[in-house]
Amino acid sequence: MADPVLIVGAGLSGAVLARRLAEAGRPSIVIDARPHVADNCHTARDPQTGVMVHEYGPHIFHTDDDGVWDLASRFATMMPFRHQVRSTVGGRVYAMPVNLLTINQFFGTALSPDEARALIAAKATPLP
Numbered sequence: 001m002a003d004p005v006l007i008v009g010a011g012l013s014g015a016v017l018a019r020r021l022a023e024a025g026r027p028s029i030v031i032d033a034r035p036h037v038a039d040n041c042h043t044a045r046d047p048q049t050g051v052m053v054h055e056y057g058p059h060i061f062h063t064d065d066d067g068v069w070d071l072a073s074r075f076a077t078m079m080p081f082r083h084q085v086r087s088t089v090g091g092r093v094y095a096m097p098v099n100l101l102t103i104n105q106f107f108g109t110a111l112s113p114d115e116a117r118a119l120i121a122a123k124a125t126p127l128p
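Residues in the sequence shown are numbered consecutively from 1, following full-length UniProt numbering.
Quick caveat, the hints were computed from the structure, so don't treat them as lab data.
C-beta: ideal position from N, C-alpha, C; glycine also.
Since no wrong hints were added, every one of them can be taken at face value.
Derived Cβ-Cβ restraints for the label pairs, each shown as a range: (1) T88 to E23: 46 to 54 Å; (2) G9 to T63: 15 to 23 Å; (3) A33 to Q84: 28 to 36 Å; (4) D64 to N40: 16 to 24 Å; (5) R86 to P4: 43 to 51 Å; (6) T102 to R19: 35 to 43 Å; (7) L111 to R74: 40 to 48 Å; (8) L127 to D64: 32 to 40 Å; (9) A44 to V16: 16 to 24 Å.
With the hints as constraints, model all of the structure from the sequences given.
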């Protein structure tokens, strides 16, 4: 039997490497500075509420790579999610990051891309 491969870090990369090695019949030892796996993606159940808590903030998994999606889907049930960022100014909600839709929402217009460029150029203040 081959000597185990030492993997430093139990985050996503370390977990994938350990899994791939295991599937190839190679043993591995995974170590991490934190007392848990998954690094910044770690979740733990709150003992008082039973709610799963993202200890390092919320994370959204997204990829356009079918191989990555297939691998991740083997180990977790994916929930459909559409990430949308919005900003509220003066009680009105705007699309973010700023794009043509945002400009038209903010100014109450239906500008074309060229018209929006002209508007921005007219309103821009040169920096010193």
